[in-house]
Amino acid sequence: DTGVSQDPRHKITKRGQNVTFRCDPISEHNRLYWYRQTLGQGPEFLTYFQNEAQLEKSRLLSDRFSAERPKGSFSTLEIQRTEQGDSAMYLCASSPGLAESNEQFFGPGTRLTVL
Amino acid sequence: RKEVEQDPGPFNVPEGATVAFNCTYSNSASQSFFWYRQDCRKEPKLLMSVYSSGNEDGRFTAQLNRASQYISLLIRDSKLSDSATYLCVVDLTGTASKLTFGTGTRLQVTL
Chain H
1 DTGVSQDPRH
11 KITKRGQNVT
21 FRCDPISEHN
31 RLYWYRQTLG
41 QGPEFLTYFQ
51 NEAQLEKSRL
61 LSDRFSAERP
71 KGSFSTLEIQ
81 RTEQGDSAMY
91 LCASSPGLAE
101 SNEQFFGPGT
111 RLTVL
Chain U
1 RKEVEQDPGP
11 FNVPEGATVA
21 FNCTYSNSAS
31 QSFFWYRQDC
41 RKEPKLLMSV
51 YSSGNEDGRF
61 TAQLNRASQY
71 ISLLIRDSKL
81 SDSATYLCVV
91 DLTGTASKLT
101 FGTGTRLQVT
111 L
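Same order as they appear, the protein sequences are chains H and U.
Here the first sequence stands for residues 1 to 115, where the numbers follow this note's numbering.
Here the second sequence stands for residues 1 to 111, where the numbers follow this note's numbering.
Don't take every hint at face value.
Said to hold, decoys possible - Pairs of lysine to aspartate or glutamate, DMTMM-like flavour, derived with a Cα cap of 25 Å:
id: 1; chain 1: U; residue 1: 42; chain 2: H; residue 2: 63
id: 2; chain 1: H; residue 1: 14; chain 2: H; residue 2: 56
id: 3; chain 1: U; residue 1: 42; chain 2: H; residue 2: 44
id: 4; chain 1: U; residue 1: 45; chain 2: U; residue 2: 77
id: 5; chain 1: U; residue 1: 2; chain 2: H; residue 2: 68
id: 6; chain 1: H; residue 1: 57; chain 2: U; residue 2: 3
id: 7; chain 1: U; residue 1: 45; chain 2: H; residue 2: 44
id: 8; chain 1: H; residue 1: 71; chain 2: H; residue 2: 83
id: 9; chain 1: U; residue 1: 45; chain 2: H; residue 2: 83
id: 10; chain 1: U; residue 1: 42; chain 2: H; residue 2: 83
id: 11; chain 1: U; residue 1: 2; chain 2: H; residue 2: 103
id: 12; chain 1: U; residue 1: 2; chain 2: H; residue 2: 44
id: 13; chain 1: H; residue 1: 11; chain 2: H; residue 2: 68
id: 14; chain 1: U; residue 1: 45; chain 2: H; residue 2: 63
Claimed, not checked - Only part of the chain H face toward chain U is listed, based on derived beta-carbon distances under 8 Å:
id: 15; residue: 33
id: 16; residue: 41
id: 17; residue: 74
Please keep in mind that the hints were generated in silico from the structure rather than gathered at the bench.
Values in this document were obtained by computation on a predicted structure and should not be read as measured data.
Think of the CB as a built atom: it goes at the ideal place given N, C-alpha and C, for glycine as much as any other residue.
Let the sequences and hints guide you as you build the complete structure.
Now the structure itself:
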């Protein structure tokens, strides 16, 4: 399968714990994005990388959230001191980064439940 | 006002019907426009890009009206398998960076 992959697919954690999610983009896609989706809403942008550089962060990304893409390939999203409001689907997407188009391809998501 | 606005529906239509979804966006400088489809508890999947001249892919037709900042999706001859949520998606920044999603319009096609 050459699509975007995410791990884990589901995560249940207790409030206050730290969690880390991984995303592997489509190979040769130099842009990688993280979004969050809650029930009944469309995905909301969190942050994106061009290669290893993090170019933009949403105000939704509080200081408890950190994302990395150290070698310009896979990325991790860490949430520290989780809160119940963090419960959501966390989606990763990648794109070739062409100036004339911004088609993004999504992974299956990591569903986080904070108890 | 939301940056990308859609009627959440649901739209309940019989098989074979034609159904149209509309979407408005806030930034006239927006450059890229898409319709994504999302099945229940699955990731969004690109249905089609929307071009200035309008474009068609089989039973699906997308149109863009830049003057009114309005996008539409027309589905002809609806199939049961078309039941899903259709997300209107815009690159509001015009810089090929983040995408802004509407809340989605839910379509249910029935026998």
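Are there hints from earlier that the structure breaks, and if so, what are their numbers?
The structure conflicts with hints 1, 2, 5, 8, 9, 14, 17, although it agrees with all the remaining ones.
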